[in-house]
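Engineer: One-letter residues, chain by chain:
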Amino acid sequence: AQKVTQAQTEISVVEKEDVTLDCVYETRDTTYYLFWYKQPPSGELVFLIRRNSFDEQNEISGRYSWNFQKSTSSFNFTITASQVVDSAVYFCALGTSYDKVIFGPGTSLSVIP
Amino acid sequence: DSGVTQTPKHLITATGQRVTLRCSPRSGDLSVYWYQQSLDQGLQFLIQYYNGEERAKGNILERFSAQQFPDLHSELNLSSLELGDSALYFCASSRGPGQGTGELFFGEGSRLTVL
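Line by line, the protein sequences give chains A and B. So for the first sequence, my numbering puts the first residue at 29; every next one is plus one. So for the second sequence, my numbering puts the first residue at 4; every next one is plus one.
Don't read these hints as lab results, they were simulated from the structure. Just so it is clear, the structure is predicted and the values come from calculations on it, not from any experiment. Keep in mind that the hints are not guaranteed to be accurate.
[Stated by the list, open to error] Simulated restraints, written as ranges between beta carbons of each label pair:
(1) A:43 <-> B:20: 42 to 50 Å
(2) B:12 <-> A:99: 39 to 47 Å
(3) B:66 <-> A:99: 42 to 50 Å
[What the hints assert, rightly or not] Simulated crosslink set (EDC-like; lysine to aspartate or glutamate; CA at most 16 Å straight-line):
(4) A:66 <-> B:111
(5) B:12 <-> A:127
(6) A:66 <-> B:4
Glycine included, C-beta positions come from ideal geometry on N, C-alpha and C.
Turn these sequences into a full structure, and let the hints guide you.
Structural biologist: Laid out in structure tokens, this is it:
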């Protein structure tokens, strides 16, 4: 079965704290893509990152970093020194084939000033 | 701004009615996708069109239909509406036909409320 699990439904942190959003996926495909999308209160989903299954190199983009571990089927997302503008729902997604992408249930992050 | 335009942004209607949601993809994108987001079902893929042809089908009800026109804009038609159809409907677009391999550009969504 192909599945994306985001066990954290809601997270609250105080501004400037670091926060990690967990994502665990299931697939039997050897080639797949992993994504993170952000949905701010305005509603529009915004693409953050894509990773293919052959590239386990971690990535850092400003305050954002992603940790991909095939051994644990995880693709976790860390925000360093969180800001109020980071408050949003974050979705992890799995692209298992050309025509299919599965979204996780999302994690709602609240950053409190 | 993703470049994907959806109208209307908000829509309130009654059970049994029919509505049409419209989407204009990002310039140059040939694929249009429709998603439904509700509290209990999460983000569900409905249907994809690529260059005017249906490409992939997800959990789309028979009461729903869609099409993509020659100018690449797309419409999602929802008929015999039920209370449970109340949701946020997203349109997304991408350059190529592969939903699972590339970045999707989402519109701001159309919030449908069925009373």
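Engineer: Run every hint past the structure and note whether it holds.
Structural biologist: Right, here's what the structure says about each hint:
no.: 1; hint: A:43 <-> B:20: 42 to 50 Å; verdict: holds (45 Å)
no.: 2; hint: B:12 <-> A:99: 39 to 47 Å; verdict: holds (44 Å)
no.: 3; hint: B:66 <-> A:99: 42 to 50 Å; verdict: holds (44 Å)
no.: 4; hint: A:66 <-> B:111; verdict: holds (12 Å)
no.: 5; hint: B:12 <-> A:127; verdict: violated (27 Å)
no.: 6; hint: A:66 <-> B:4; verdict: holds (13 Å)
Violation of the numbered hints given earlier is confined to hint 5; every other hint is satisfied by the structure.
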